[in-house]
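Line by line, the protein sequences give chains S and B. Quick note on the numbering used here: the first sequence kicks off at 43 and runs consecutively. Quick note on the numbering used here: the second sequence kicks off at 220 and runs consecutively.
Hints in this document: simulated from the structure, not taken from any laboratory. Every clue listed holds true.
Straight-line Cα separation of at most 25 Å, DMTMM-like style, residue types lysine to aspartate or glutamate; simulated pairs:
1. 91(S) / 245(B)
2. 119(S) / 106(S)
3. 119(S) / 137(S)
4. 119(S) / 50(S)
5. 91(S) / 314(B)
6. 276(B) / 314(B)
7. 290(B) / 137(S)
8. 91(S) / 278(B)
9. 64(S) / 278(B)
10. 276(B) / 257(B)
11. 64(S) / 257(B)
12. 276(B) / 137(S)
13. 228(B) / 155(S)
14. 100(S) / 314(B)
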Amino acid sequence: AQSVAQPEDQVNVAEGNPLTVKCTYSVSGNPYLFWYVQYPNRGLQFLLKYITGDNLVKGSYGFEAEFNKSQTSFHLKKPSALVSDSALYFCAVRDSRVIYNQGGKLIFGQGTELSVKP
Amino acid sequence: NAGVTQTPKFQVLKTGQSMTLQCAQDMNHNSMYWYRQDPGMGLRLIYYSASEGTTDKGEVPNGYNVSRLNKREFSLRLESAAPSQTSVYFCASSEGQDRYTEAFFGQGTRLTVV
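Produce the entire structure from the sequences given, and follow the hints as far as they go.
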């Protein structure tokens, strides 16, 4: 069964410092990996995804993520954090090994609260 | 372009009451999903519909039923609400047949069962 783990409930960083939000996954086949952000009282917004190819993926708002197959990880990073980056971040995975036309379940981690202080 | 629209946004139910959460998408997506979000639990998949005419159970289907009314609409029904179903419910959709496409989410329904 596919699963996602986000080992940190909360990450605290100072504005201007680099940030990392960790994610590890487990799937049978090759993973399709996603990061989403949720601001208070809002739905989830898509940030970036890894499907295949370059292990470093760039997304919205200056975020990037690094896929590491050997460590089954897909950590979210940003070189310089902003106070406005403070939000709840979710990692998600879909298994590529599903029967065609069955869509495939999108499974989420438990979320990491990012707090960026001035 | 509205994307994914959920109704209602807020609801309070008494234990044992029933209700249906509505979801509609205007992106011509094949797959639709219902999730619940609880503190510390992340998003858990209740049901999903890979395409019109099909539905499948997710991680936490007990106490819920779904209907894929047509390609646009996917409703979630609570037949006899329980306090454990107090949560924020999100509907999402994705292209589906291309499994690497991202999902788009509605704004959520905050449900309280008293």
